[in-house]
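**Student:** Below are the chains, spelled out letter by letter.
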Amino acid sequence: MNSVGEACTDLKRDYDQCFNRWFAEKFLKGDRSGDPCTETFRKYQLCVQKAIKEKDIPVDGVEFMGPNKDKPES
Amino acid sequence: MVKYFSCTGVLKSTWDQVCIAFWQRYPNPYSNHVLTEDIIFREVTPNNCLISRRLMTKTSRAPRWMERYLPKHMASSAYIIEDSIVDPQKKTMTTLTWNISHARLMSVEERCRYQINPENGSWTEVTREAWISSGVYGLTRAIQEFGLARFKKSVTKTMKGFEYVLAKMQGETPSRTLAETATERARETALAAKEKAKDLASHAHKKQYV
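Going line by line, the protein sequences match chains A and B. Okay, so the first sequence: first residue is 1 according to the UniProt record's numbering, each after it adds one. Okay, so the second sequence: first residue is 1 according to the UniProt record's numbering, each after it adds one.
To be clear, the hints were calculated from the coordinates, so they are not data collected in a lab. A hint or two may mislead.
To be verified - Pairs of lysine-lysine residues, derived as DSSO-like cross-links and limited to a Cα-Cα distance of at most 27 Å, are as follows:
#: 1; chain 1: A; residue 1: Lys50; chain 2: A; residue 2: Lys26
#: 2; chain 1: B; residue 1: Lys12; chain 2: B; residue 2: Lys157
#: 3; chain 1: B; residue 1: Lys152; chain 2: A; residue 2: Lys69
#: 4; chain 1: B; residue 1: Lys90; chain 2: A; residue 2: Lys26
Let's have the full structure, built from the sequences with the hints guiding it.
**Tutor:** Rendered as structure tokens:
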């Protein structure tokens, strides 16, 4: 899958591979021994956050789960 | 005035498998409208939940009568954010998805809950809710009806996409046949040709008035 930043797709792929392995083998099994993907994540984020700014994508100030605040618990 | 919709579905895979598939669901044969996908925020919380934000670009697929209300540069693709919380202790995942572009034209917010199916511990129950609204004076109902109809179609594609990815993960041959793929491609080509013809016709029509 492509990144919104054309130059970031390879960095995204590297990060995704690391994350998917950690998620399935450690996180879901309750292993809290730490995140081996911080470096690949950092490189990927530097690239993609720059692309987001360049394309003026309005992600700033959008609160996590923001639209959930005005909704009843299901 | 907001249109509300909810439905429940089942994925015949374990909650763990579904969560793993959730991060690998794109691309799949049912997601041709999803152009880009990026994780733009992620953290493990102090109580060991994974919170993430995913940014997606999707084709806008609005009908011509709706696209007229969009500024030219916005017509072709839309930005969507998906926030999620995965709790591996409680075995629940909650997601909230909404569009951050085109929102005045039409806003769609979707909340999903993924948990172990109460009747079968090896299956996953997906509860989905949507809130659809529009701010265009005089067209609110038409836009909401369009939004709801498209949302229902997209729920089917979402579940098929999930089943495809899960089957692939589990080493099975995904059930989407070549014939199905060919039919869908033919339909998409015909639709694109129809849109192109309409476009040319409307340009020719406009030229008469210049």
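**Student:** Next step is simple, just say for each hint if it's right about the structure.
**Tutor:** These are the hints, each one checked on the structure:
For the proposed pair Lys50/A and Lys26/A, the alpha carbon gap of about 30 Å is over 27 Å, so the pair is violated. Distance restraint check for Lys12/B and Lys157/B: the Cα-Cα separation of roughly 16 Å lies within the 27 Å cut-off, and the hinted pair is therefore satisfied. Taking the CA atoms of Lys152/B and Lys69/A, the gap is near 24 Å; set against the 27 Å cutoff, the hint holds. A hinted pair counts as satisfied when its Cα atoms are at most 27 Å apart, and Lys90/B with Lys26/A qualifies at roughly 16 Å.
Checked against the numbered hints above, the structure breaks only hint 1 and satisfies the rest.
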